[in-house]
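So the sequence lines, in the order shown, correspond to chains A and B. Taking the numbering used here, I'd label the letters of the first sequence as residues 1 to 258. Taking the numbering used here, I'd label the letters of the second sequence as residues 1 to 113.
Heads up, some of the hints might be wrong.
Said to hold, decoys possible - Mimicking EDC-like on lysine to aspartate or glutamate, the simulated pairs with C-alpha atoms at most 16 Å apart in a straight line are:
id : chain 1 : residue 1 : chain 2 : residue 2
1  : A       : Lys68     : A       : Asp188
2  : A       : Lys47     : B       : Asp87
3  : B       : Lys108    : A       : Glu49
4  : A       : Lys192    : A       : Glu222
5  : A       : Lys132    : B       : Glu32
6  : B       : Lys75     : A       : Glu49
7  : B       : Lys27     : B       : Asp87
8  : A       : Lys47     : B       : Glu83
9  : B       : Lys108    : A       : Asp116
10 : B       : Lys27     : B       : Glu40
11 : B       : Lys27     : B       : Glu79
12 : B       : Lys27     : B       : Glu58
13 : B       : Lys108    : B       : Glu15
14 : B       : Lys108    : B       : Glu81
15 : B       : Lys108    : B       : Glu79
16 : A       : Lys47     : B       : Asp59
17 : B       : Lys27     : B       : Glu83
18 : A       : Lys192    : B       : Glu58
19 : A       : Lys192    : B       : Asp59
20 : A       : Lys132    : A       : Glu152
21 : A       : Lys192    : B       : Glu32
22 : B       : Lys27     : B       : Asp66
23 : B       : Lys75     : B       : Asp87
To be verified - Okay, the calculated bits of chain B under chain A, using three or more residues with CB under 8 Å as the criterion:
id : region
24 : 2-10
25 : 59-69
26 : 86-98
27 : 101-111
Hints in this document: simulated from the structure, not taken from any laboratory. Since the model is a prediction, treat every value here as computed from it, not as a measurement. Note that CB positions come from ideal geometry on N, CA and C, so glycine has one too.
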Amino acid sequence: MCLTCGCGSDEVLIRGRKLMNRPKAPVSFRLHRVEAKIAEDTQRIVKLEQDILHKNDRHAQGNRELFKQHGMLALNLVSSPGSGKTTLLVRTLQALQGRYPLAVIEGDQQTEQDADRIRATGVPAVQINTGKGCHLDAQMIERALPEMPLPEGGMLFIENVGNLVCPAGFDLGEFAKVVVLSVTEGEDKPLKYPDMFRAAELMLLNKCDLLPYLTFDVELAETYARRVNPDIRIIRLSAVSGEGMDAWLSWLEAQHLG
Amino acid sequence: MHEMSLAQNVREIIEQAARDQGFSQVKTVWLEIGRLSCVEQEAMRFCFSAAMQGSVAEDAQLEIIDTPGRGLCPKCSHEAEIENVYDACSQCGSYGLQLVAGDAMRVKELEVV
Ligand SMILES: Nc1nc2c(ncn2[C@@H]2O[C@H](COP(=O)(O)OP(=O)(O)OP(=O)(O)O)[C@@H](O)[C@H]2O)c(=O)[nH]1
Ligand SMILES: [Mg+2]
Ligand SMILES: [Zn+2]
Ligand SMILES: [Zn+2]
Ligand SMILES: [Zn+2]
Chain A
1 MCLTCGCGSD EVLIRGRKLM NRPKAPVSFR LHRVEAKIAE DTQRIVKLEQ DILHKNDRHA
61 QGNRELFKQH GMLALNLVSS PGSGKTTLLV RTLQALQGRY PLAVIEGDQQ TEQDADRIRA
121 TGVPAVQINT GKGCHLDAQM IERALPEMPL PEGGMLFIEN VGNLVCPAGF DLGEFAKVVV
181 LSVTEGEDKP LKYPDMFRAA ELMLLNKCDL LPYLTFDVEL AETYARRVNP DIRIIRLSAV
241 SGEGMDAWLS WLEAQHLG
Chain B
1 MHEMSLAQNV REIIEQAARD QGFSQVKTVW LEIGRLSCVE QEAMRFCFSA AMQGSVAEDA
61 QLEIIDTPGR GLCPKCSHEA EIENVYDACS QCGSYGLQLV AGDAMRVKEL EVV
């Protein structure tokens, strides 16, 4: 049984039906078996060459297919704790409500607080509590999806556990990772946590309303982010004052269309 | 501490291989952990022994192969070893090197009985 999500290795595949009824798993799902050489009578070497994240990636692929089937734009919001993901989501949902079907999956180690904040807007939210786990993985998302009405043809926002390290390595099947960096965290974060900024397509520089009170160098932060990921898009905004929200909403609409 | 869930994945991979290939004890596990992957070697060693308790690899020796990072320059096509994913090209100074090795996390092979 796996410690992260409790599923067994002989587990049912992605949301049952389609994948489960296949006569056998696709080649890429199976172990790369290479004939074992017999070293002695009983002792031998077994070559596996198997990716440790293979199983997560398989579940992520299932999620991705499901999102596609239902025409949903799924985004994975990642950041350090307290950068403003939930505040930003609440404001985003308020702006998009009535125009798109919406849903949120909230990941936190403990409490339902963030999901409650989302539900207060009227948008359905499922809370995943990871306990000691420091990231969401694809199986958790797979299990959360049947717990909510799917936003057919709309948008699904996944707020990851506040952690700039390992959520970078776990594909959830999302269309894109969006990294939120707040100006109170320091310019050097993209260099200190390069994997996350490399994995993201968009960086939202949040809490820009606080810039007058800080020595934060916006240009430098953006230079560092581009050094790690030359293709990253960057939007400066504030989830509190609302500045920059239009650019973020336009980005969302463009991804939804495309 | 995501090394624990990764070590648990390693256990599952090994147990599956034991069922498929019919062995009952693992003496050595070779893991490839790229230097630019998100895994801390020491944390993995610690979690490995905990995660293997009660499995066919309970007393297995862990050998970690730490492959160095290699970057390919999109401008001048120079390929070289790198320390960080954001290093500049040692030939022309450009950023945005493409990672061609060093981020793998793989169960390479097992010595089994
Ligand atoms: N001044 C200012 N404060 C903000 C802004 N966005 C969020 N905050 C504040 O930052 C704090 C953390 O915000 P949250 O939205 O809970 O952050 P989070 O990223 O969801 O936090 P976790 O889920 O715990 O990781 C709260 O006190 C917010 O009011 C902003 O744009 N400007
Ligand atoms: Mg939150
Ligand atoms: Zn599992
Ligand atoms: Zn983690
Ligand atoms: Zn170069």
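Hints versus structure:
1. Restraint check for Lys68/A and Asp188/A: the C-alpha separation of about 36 Å exceeds 16 Å, so the hint is violated.
2. Between the alpha carbons of Lys47/A and Asp87/B the distance comes to roughly 33 Å, so the proposed pair goes past 16 Å and is violated.
3. For the suggested pair Lys108/B and Glu49/A, the alpha carbons sit about 4 Å apart, so the restraint of at most 16 Å is met.
4. Taking the CA atoms of Lys192/A and Glu222/A, the gap is about 14 Å. The hint holds against a cut of 16 Å.
5. Of the supplied pair hints, the one linking Lys132/A and Glu32/B is violated, its CA atoms being roughly 26 Å apart against a limit of 16 Å.
6. For the hint linking Lys75/B to Glu49/A, the alpha-carbon distance of about 32 Å lies beyond 16 Å, and the restraint is violated.
7. Between Lys27/B and Asp87/B, the direct Cα distance comes to roughly 39 Å. Violation of the 16 Å bound is thereby established for this hinted pair.
8. Our distance criterion of 16 Å between C-alpha atoms is broken by Lys47/A and Glu83/B, whose separation comes to about 29 Å.
9. Proximity of Lys108/B to Asp116/A is assessed by CA-CA distance (about 45 Å); at most 16 Å being required, the pair is judged violated.
10. A distance of roughly 23 Å separates the Cα atoms of Lys27/B and Glu40/B; the hinted pair therefore is violated under the 16 Å criterion.
11. Of the supplied pair hints, the one linking Lys27/B and Glu79/B is violated, its CA atoms being roughly 37 Å apart against a limit of 16 Å.
12. Between Lys27/B and Glu58/B the alpha-carbon distance is near 9 Å, which keeps this suggested pair within the 16 Å criterion.
13. A hinted pair counts as satisfied when its Cα atoms are at most 16 Å apart, and Lys108/B with Glu15/B qualifies at roughly 14 Å.
14. About 22 Å separates the Cα atoms of Lys108/B and Glu81/B, which puts this hinted pair outside 16 Å; it is violated.
15. Restraint check for Lys108/B and Glu79/B: not satisfied, since their Cα atoms lie roughly 25 Å apart, outside the 16 Å limit.
16. Simply put, Lys47/A and Asp59/B have alpha-carbon atoms about 19 Å apart, too far for the 16 Å limit, and the pair is violated.
17. Between Lys27/B and Glu83/B, the direct Cα distance comes to roughly 32 Å. Violation of the 16 Å bound is thereby established for this hinted pair.
18. Distance restraint check for Lys192/A and Glu58/B: the Cα-Cα separation of roughly 36 Å exceeds the 16 Å cut-off, and the hinted pair is therefore not satisfied.
19. A threshold of 16 Å between alpha carbons decides the hint, and for Lys192/A with Asp59/B the separation of about 36 Å lies outside it, so the pair is violated.
20. A hinted pair counts as satisfied when its Cα atoms are at most 16 Å apart, and Lys132/A with Glu152/A does not qualify at roughly 32 Å.
21. Between Lys192/A and Glu32/B the alpha-carbon distance is near 24 Å, which puts this suggested pair outside the 16 Å criterion.
22. Distance hint between Lys27/B and Asp66/B is unfulfilled; the C-alpha atoms sit about 20 Å from each other, more than 16 Å.
23. Simply put, Lys75/B and Asp87/B have alpha-carbon atoms about 14 Å apart, close enough for the 16 Å limit, and the pair holds.
24. Beta-carbon proximity to chain A at under 8 Å applies to 7 residues in the region 2-10 of chain B; the threshold of 3 is reached and the given coverage holds.
25. Look at the region 59-69 of chain B against chain A: 0 of its residues bring a Cβ nearer than 8 Å to a Cβ of that chain, fewer than three, so the hint is violated.
26. Check on the region 86-98 of chain B: 3 of its residues sit with their Cβ under 8 Å from a Cβ of chain A, so the three-residue criterion for coverage holds.
27. Counting residues of the region 101-111 of chain B whose beta carbon lies closer than 8 Å to any beta carbon of chain A gives 8, which meets the minimum of three for the stated coverage.
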